[in-house]
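Knowing the structure of chain A, use the given hints to seat chain B on it.
Residue numbers (the numbering used here), protein chains in the order written: chain A, 137 to 547; chain B, 137 to 547.
Since the hints were derived computationally from the structure, they do not count as laboratory data.
Worth double-checking, as some hints may not be accurate.
If you only want the chain A side, here are some residues facing chain B, beta carbon under 10 angstroms, derived [unchecked claim]:
#: 1; residue: Arg201
#: 2; residue: Glu202
#: 3; residue: Pro266
#: 4; residue: Arg269
#: 5; residue: Gly419
#: 6; residue: His446
#: 7; residue: Gly472
#: 8; residue: Leu476
#: 9; residue: Gly495
#: 10; residue: His536
Just so you have them, the derived chain A footprint on chain B, three or more residues with Cβ under 8 angstroms [stated by the list, open to error]:
#: 11; stretch: 421-429
#: 12; stretch: 444-456
Nothing here was measured: the structure is a model prediction, and the numbers come from that model.
Think of the CB as a built atom: it goes at the ideal place given N, C-alpha and C, for glycine as much as any other residue.
2 protein chains.
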Amino acid sequence: MPVNLSAPDPAQLFPVAGVELGSARAGIRKPGRRDVLVIRLAAGSAVAGVFTRNRFCAAPVQVCREHLVDDAGGAGIRALLVNTGCANAGTGRPGLDDARASCAELARLLGCDARQVLPFSTGVILEPLPMDRLRAGLPEAVADLDAGHWAQAAEAIMTTDTVAKAVSRRATLHGADVRVTGISKGAGMIRPNMATMLGFVATDAAVALPLVRQWVREAADASFNRITVDGDTSTNDSLILIASGRSGLRIESERDPGAAELKAMIVDVARTLAQAIVRDGEGATKFISVVVEGARTDDEAAAVAYAIAHSPLIKTAFFASDPNLGRILCAIGYAGIDDLDVDALDLYLDDVHVATAGGRHPQYREEDGQRVMQKAEITIRVALNRGASATTVWTCDLSHDYVSINADYRS
Amino acid sequence: MPVNLSAPDPAQLFPVAGVELGSARAGIRKPGRRDVLVIRLAAGSAVAGVFTRNRFCAAPVQVCREHLVDDAGGAGIRALLVNTGCANAGTGRPGLDDARASCAELARLLGCDARQVLPFSTGVILEPLPMDRLRAGLPEAVADLDAGHWAQAAEAIMTTDTVAKAVSRRATLHGADVRVTGISKGAGMIRPNMATMLGFVATDAAVALPLVRQWVREAADASFNRITVDGDTSTNDSLILIASGRSGLRIESERDPGAAELKAMIVDVARTLAQAIVRDGEGATKFISVVVEGARTDDEAAAVAYAIAHSPLIKTAFFASDPNLGRILCAIGYAGIDDLDVDALDLYLDDVHVATAGGRHPQYREEDGQRVMQKAEITIRVALNRGASATTVWTCDLSHDYVSINADYRS
Numbered sequence: 137m138p139v140n141l142s143a144p145d146p147a148q149l150f151p152v153a154g155v156e157l158g159s160a161r162a163g164i165r166k167p168g169r170r171d172v173l174v175i176r177l178a179a180g181s182a183v184a185g186v187f188t189r190n191r192f193c194a195a196p197v198q199v200c201r202e203h204l205v206d207d208a209g210g211a212g213i214r215a216l217l218v219n220t221g222c223a224n225a226g227t228g229r230p231g232l233d234d235a236r237a238s239c240a241e242l243a244r245l246l247g248c249d250a251r252q253v254l255p256f257s258t259g260v261i262l263e264p265l266p267m268d269r270l271r272a273g274l275p276e277a278v279a280d281l282d283a284g285h286w287a288q289a290a291e292a293i294m295t296t297d298t299v300a301k302a303v304s305r306r307a308t309l310h311g312a313d314v315r316v317t318g319i320s321k322g323a324g325m326i327r328p329n330m331a332t333m334l335g336f337v338a339t340d341a342a343v344a345l346p347l348v349r350q351w352v353r354e355a356a357d358a359s360f361n362r363i364t365v366d367g368d369t370s371t372n373d374s375l376i377l378i379a380s381g382r383s384g385l386r387i388e389s390e391r392d393p394g395a396a397e398l399k400a401m402i403v404d405v406a407r408t409l410a411q412a413i414v415r416d417g418e419g420a421t422k423f424i425s426v427v428v429e430g431a432r433t434d435d436e437a438a439a440v441a442y443a444i445a446h447s448p449l450i451k452t453a454f455f456a457s458d459p460n461l462g463r464i465l466c467a468i469g470y471a472g473i474d475d476l477d478v479d480a481l482d483l484y485l486d487d488v489h490v491a492t493a494g495g496r497h498p499q500y501r502e503e504d505g506q507r508v509m510q511k512a513e514i515t516i517r518v519a520l521n522r523g524a525s526a527t528t529v530w531t532c533d534l535s536h537d538y539v540s541i542n543a544d545y546r547s
Numbered sequence: 137m138p139v140n141l142s143a144p145d146p147a148q149l150f151p152v153a154g155v156e157l158g159s160a161r162a163g164i165r166k167p168g169r170r171d172v173l174v175i176r177l178a179a180g181s182a183v184a185g186v187f188t189r190n191r192f193c194a195a196p197v198q199v200c201r202e203h204l205v206d207d208a209g210g211a212g213i214r215a216l217l218v219n220t221g222c223a224n225a226g227t228g229r230p231g232l233d234d235a236r237a238s239c240a241e242l243a244r245l246l247g248c249d250a251r252q253v254l255p256f257s258t259g260v261i262l263e264p265l266p267m268d269r270l271r272a273g274l275p276e277a278v279a280d281l282d283a284g285h286w287a288q289a290a291e292a293i294m295t296t297d298t299v300a301k302a303v304s305r306r307a308t309l310h311g312a313d314v315r316v317t318g319i320s321k322g323a324g325m326i327r328p329n330m331a332t333m334l335g336f337v338a339t340d341a342a343v344a345l346p347l348v349r350q351w352v353r354e355a356a357d358a359s360f361n362r363i364t365v366d367g368d369t370s371t372n373d374s375l376i377l378i379a380s381g382r383s384g385l386r387i388e389s390e391r392d393p394g395a396a397e398l399k400a401m402i403v404d405v406a407r408t409l410a411q412a413i414v415r416d417g418e419g420a421t422k423f424i425s426v427v428v429e430g431a432r433t434d435d436e437a438a439a440v441a442y443a444i445a446h447s448p449l450i451k452t453a454f455f456a457s458d459p460n461l462g463r464i465l466c467a468i469g470y471a472g473i474d475d476l477d478v479d480a481l482d483l484y485l486d487d488v489h490v491a492t493a494g495g496r497h498p499q500y501r502e503e504d505g506q507r508v509m510q511k512a513e514i515t516i517r518v519a520l521n522r523g524a525s526a527t528t529v530w531t532c533d534l535s536h537d538y539v540s541i542n543a544d545y546r547s
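The shape of chain A in the complex, shown without the other chains:
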């Protein structure tokens, strides 16, 4: 059961002019479900992406990187091709050949160059992409292309997700009606080191390519790079930002009218999509925000936040709604800050002051912790009181269902 997350209402997903989406049931891994997605972009769209830092990055990620640094760069990209069911990772040279061949096949159908297509895959690692089925599914997906198909697109990229993830924002900026719409997928193997498994965000504003490249990085840092389900950084993480340029708003620099507002909309969409992944985290029953303040450096804040967010002991205690909060102190203690003064820090659970001066706060009572633990959304706040850096990481609990889902993933 996802935490405060329901399937998107298609009526609330605003089409983005210049962006059409079409999906097919190609039987990549399981029959009868949407598993291939094509996104066609109008000529002149600016496209940029951030990708996993996993050294075993998937073949499609390698091809994406090549196609985005080609002469045409992100200005020539005309289509995205996504399949679920097979990650095409750990597949060596044959995997690269498959990723390139799938771009070529879609390019043939759309009348563009293979290097104008970006490929994406998600699913099981170490298994070859079933090229025959993928190829056979492409015409159906192309025939389905429509600017109103964001909801079906979100559905087509799901793996162990229980809910499709899509979100849309709309505003009048500098006189133009501007939209930002995005989709994402992911539920396990989530500790993005760039982005989530897959995220696609599009706006109809015209944004200069260097700025698209900068904003996709900043948006990832404020969203997908701040979530974790199980600490496993995937081989396929990709976040793509598209600016189709059809709305009448034109942004060349961050000082242009509407730029700040548009960037905020993009970050908002990316963050909402990222949090949706945690809310639908495998087996999740609780949505946990870990806030670390008063750190000396950003790295220090992140180290403490991730130590807490990755601790199986903390995650199981939250699953049980058990305020066994000493486990949080323990994680702070092993986060790697050698000169940490444990007597100087404060720990809060929502509004409850749990620990101070190296031990339990004098006013802390078990029932206060218990009360907060019953909630579906909880904030763990650590004030290190040694500097001015802060960070927030979003995560979920660790339940029986996480084990079940991942023990049975391939069956």
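Relative to chain A, chain B alone:
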């Protein structure tokens, strides 16, 4: 169900002259179980320890460090006091006062100085030590002191352990009958960064104190520092090595006759005790050795080994006996080696060559992986093929029972 681990046979636990053990049922946390242990040492015993690097280290760990660097150093230690049920960690100054008071109380009963007592606690963090019950239990434990009580001692330090852990070795060295006997406890919050939760190893050889100090560190590095259950480094990890000097073997330097053999016995006992913790890891159904070879540095080998050993996705796949081995490649990929050539490495599961040249080995068949996955003890071997460093880490799988045990730990 622990993996190939049964309770120790008391007849196989050789007494160590100069070391007596006594336990009591003090009701520290739950009634009716042994939860307080006293170990009395003959005058002149050499004692050294290694302790957790967690910054939130428990009060007893802080007191141990003080007492081991006092003027008397490790040569004056006459007793160890261990309680289970409460970790006395995250307890601030009152926790330190309690740890010191418990040493003083035992010292009074044994007729020694408080600084000649080392205190140890294990159990729930952030709760005060129930001093009244601990104090009340001490006379019973002292009355129970006996050199033959190693098995009861192992039982008295258990928390979520399902099996008591004790092991013994005996040899004739340089004409003397020499024994090494040890006990340990631990099942969760296990990623020792020094030692396990608690480990005590004693020999009746006379070993010079500087050598005891050196050997306890080397033994920890070859044993407790190579295991992980859940990646949570505890607040209370402690490994203690005692040399009572009653056997007639006297070791002043590593070049003395019998020194190499004795050291090997100590490492063997420590490693067997450490592996017992993994075999009895919370919810464990499989014992997994992660061997990383051909790394450029020891740190690099350890980073890859721990990335594999901590991945919840890998651990759940092993629980399910599912050869979803792409997850291992994924973990290697995010282990932090920036210039790793994934095409150069090889992955083996026991004798099965799984991956090479960046993808699946041509001869690998699913049924080969399936066959190995059915076993209770499995070796994952990664040949990085880029250097001469290697390491081994022992871990277990992640099962439903891990979640159950840790969701219910305090109830």
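Quick rundown of the hints versus the structure:
With its C-beta approaching chain B no nearer than about 15 angstroms, A:Arg201 sits outside the 10 angstroms limit, and its interface hint is violated. For A:Glu202, the interface hint is violated, the least distance from its beta-carbon to any beta-carbon of chain B being 16 angstroms, above 10 angstroms. At about 15 angstroms, the closest approach between the beta carbon of A:Pro266 and any beta carbon in chain B exceeds 10 angstroms, and the interface hint on this residue is violated. Below 10 angstroms, beta-carbon pairs count as interface contacts, and A:Arg269 has none with chain B, the closest being about 19 angstroms; its hint is therefore violated.
The criterion of a C-beta within 10 angstroms of any C-beta in chain B is met by A:Gly419, whose closest approach is roughly 9 angstroms, and the hint holds. Interface hint status for A:His446: upheld, as the beta-carbon distance to the closest one in chain B is roughly 7 angstroms, under 10 angstroms. With 10 angstroms as the threshold, the beta carbon of A:Gly472 comes within range of chain B, its nearest partner Cβ sitting at about 9 angstroms, so the hint holds. Contact between A:Leu476 and chain B, as hinted, is supported at the beta carbon level, the nearest pair being about 4 angstroms apart and thus within 10 angstroms.
Contact between A:Gly495 and chain B, as hinted, is supported at the beta carbon level, the nearest pair being about 3 angstroms apart and thus within 10 angstroms. For the restraint placing A:His536 at the interface with chain B, the shortest Cβ-Cβ distance is roughly 5 angstroms, inside the 10 angstroms limit, so the hint holds. Requiring three or more residues with a Cβ within less than 8 angstroms of a Cβ of chain A, the coverage given for the stretch 421-429 of chain B is violated, as only 0 such residues are present. Taking a C-beta to C-beta cut-off of 8 angstroms, the stretch 444-456 of chain B contributes 8 residues in contact with chain A, enough for the three needed, and the coverage statement holds.
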